[in-house]
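**Student:** Now for the letters of each chain:
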Amino acid sequence: MSTSATGSVATATGHGGSPPTVRRRRRNSAAASEERAAYVFLLPWFVGLLFTVIPFGVSLYLAFTDYNLLQSPQLVGLENFTRILEDPKATQAAGVTLRYTFIAVPLSMISALAVAILLNKGVRGLKFYRSVFYLPSLIGASVAIVMLWRSIFGYDGIVNKFLAVFGITGPGWVTDPDWALVTLVTLSIWGFGASMVIFLAGLRQIPVMYYEAASVDGAGWWRQFRAITVPLLSPVIFFNLVLGLIGSLQTFTQGFVFSGGTGGPAESTLFYNLYLYQQGFQRFDMGYASALAWVMFIVIAFFTALNFLVSKYWVFYDD
Amino acid sequence: MTDLTDKPAPGRTETLTRGLRSATARLRTQGYQEELTGTARTRFLRHCVLVGVGLVMLYPLLWMLSASFKPSTKVFSDASLLPSQVELGNYASGWTALEHPFELYLVNSLILAGLNIAGNLVSCSMAAYAFSRLRFRGRKTWFAAMLGTMLLPAHVVLIPQYVIFAKLGWVNTYLPLTVPAFLATNSFFIFLLVQFMRALPMELQDAAKIDGCGPYRTYWKVIMPLTVPAMATVAIFTFIASWNDFFGPLLYLTDSDLFTVPLALRQFMSAEGASDWGPMFAMSVVSLLPVVAFFFIGQRYLLNGIATTGMK
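Line order of the protein sequences matches chains A and B.
Residue numbering for the first sequence follows my numbering, starting at 1 and increasing by one per position.
Residue numbering for the second sequence follows my numbering, starting at 1 and increasing by one per position.
Next comes chain B alone, as it looks inside the complex:
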């Protein structure tokens, strides 16, 4: 009965699953050891290096934030991070600089992100439940196929997919950007949920079975409630990926009233570069805020929130 926790088929899939397991292992609750090694001097030097790297990495973001409050003419001449006077003018003019007010693009992006989150949560958890908790013929083969699709470059299937969507009349709608999420097309999320569900004790399922719970009710009443932390991870990653996605909307959306934030933002910059720096940076800040907010709210789910994903 417990043979569902067996090791994956040997060979290529195993080499890949080892790495994947480490990639999802960062989601363990097991806290990092806070044991400090080295002398006070090396510890101090370590901090110096880390602070230095951190400053270099954060500087561009802080510079952009500061530039978004400066008049366009002073963006490059005024080098200080603290603007001499804080002006919200860039935000006001950037908001209305494009064909539509910026809230339209924000709402469009939110709609897409919401649908993608719903799709991934439902379809990936269903697939993961079957792979991790149910016995059926060909389980290992299908699981290997699922891992294999992870290595397939998306652009190989792009043109036929576009042709299909075009023939269905779906171009210039949100369907090509949302329906695939409902078809469990993200293998990484399936793998992440499989790892998580495998780690739940099998006795739970046996007890549910004795109480007369079929596979459907077990999924809904037993497994789903316990998988909430992993689902939160999937939701946050989906939000960030959908919010940042540029290629999909570029390909399928042509009406400017359907545009998402990245498509709108791009209009601030032509091939020759931008002219109106202030508003561009202001709207860039607006476009990044939701991602940064989700990161800070959800970082325990992204970095170390979930219980064991069955390392080893």
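The shape of chain A in the complex, shown without the other chains:
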């Protein structure tokens, strides 16, 4: 499209004067004004893009410096990065975040898909169910809900009361380092509704006749799920997976509010971004925090690239 536009500009300037080219030039000036208008409309976005791209580069520079916001940055070479490798808290924070992500993302996606499939079978009151399941995802990361979670999982909270009915003595979910992260995983699963709604929209795109043909051929429920639902839904699964991973690796509020900003108990909820915040904005060790940020960026880019690469083998596009 753009090549044809430049092509006609060349013709117009080449034979200026004769009536057909006048008309053509007028059309070109309309195209030029459309192009100008496009840049005017995009102006805020361009400024916003600069405001992302420049800090992106600057943070790479800061990662190689010692910087505390007051004095100008001092280049220190790779020191920040070697410090990350030797910093047990950084390793702990990375471990917490990866463990949380690899448990919470698959579990919430499976819950979302299971409920979406149930709803997709046609249920009376579908809209009501959908609203009930969707609402928690809108408030799941809010301060009020994280504080609520801390209360209901407290030692004498309703979760342990419920377990006691079955004679189980529940752990100190909030105070026991082995269980604190599990508590936050349940909160993440509670918010499965957003992916569920997207799955539901994807399921609606699958023609019913595929299932009809499959049942005529005698394919059972599981076979239909494997051979029709999963492949045709795979672009949506892929999308939820990519954005779910990126979002989950950046978890902050849950860890901060749950532990009152410390990442406790015993650093068991010290999410990577929480540690980054402590280093950058409580200790104002901004060079080190930038290095932490870049390591996270590389890890996220790695997982995203891996996802895109592997997607060739399982994501299926039917057109």
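Since the hints were made in silico from the structure, they are not lab data.
A portion of the hints provided could be inaccurate.
One side of the interface only, derived from the structure: several residues of chain B facing chain A at Cβ under 10 Å [stated by the list, open to error]: (1) Ala-207; (2) Ile-240; (3) Phe-268.
From the three backbone atoms N, C-alpha and C, an ideal C-beta is built for every residue, glycine too.
Following the hints, put chain B in place on chain A, whose structure we already have.
**Tutor:** Okay, now just chain B, sitting in the frame of chain A:
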């Protein structure tokens, strides 16, 4: 002329746009088929499972609502959902428990949400209009760049952005929390609006052009009025995101009279936990009410309100 509805550039962007299209497709008017499958027995079992899941999900919220009416000492000892007597004392004491009365935090949060809604509506619709309805060189490249920023973790650019805001003297003002919205920094909203605008017939624009409408008037008089449903979606999502935002205000606001609701609420809980449960739950309920209200008022825009966003 109609080549604006072409498929996006192949490769990575396409893999992403497929998913994004499904993510925005839930906004279609096309109603869900109400055809019921299975025998009466399986249908009944399905309802049992759904009701069970629904109860488990709603129980914490109902428990919090009930706890907000109970005296702090009885929050954990009294297990019933219906409080023995309804007391509004928690609401009264929670409202004034912090340094400032709670309405200050509510107003602050409302100001931020309002500015963010205005910013996103103006800047994202402008960008979406250019991407979907205007021809210019490099359109595909910029569009791909826009999608790419969606994958960029916000924390990578956080420190330099903070430094810039600090040097501008913007720390402890609302500027760092509102100006970015006016710069179309939310790619998801741009994508959502692009999908919606692409689906509007191109003839509208051609007719406007014949009537002498330039690109600016076409945006304002033709495209904007037709995009109202999608704008409602953007507005509601922006409200919820801004209202819940904790990290931004935590980073940039230090004066307690600028605090938003989430920052205020957090003061009810220290690292050791909370002591005054009743007032904390009461104010938590107050903080969630606007989101729940917006959800119920706007759910047709969030879930299935808008006309086709151009699926496939």
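**Student:** If a hint holds in the structure, say so; if it doesn't, say that too.
**Tutor:** Hint check:
no. : hint    : result
1   : Ala-207 : violated (15 Å)
2   : Ile-240 : holds (5 Å)
3   : Phe-268 : holds (7 Å)
When the structure is compared with the earlier hints, a violation turns up for hint 1 alone.
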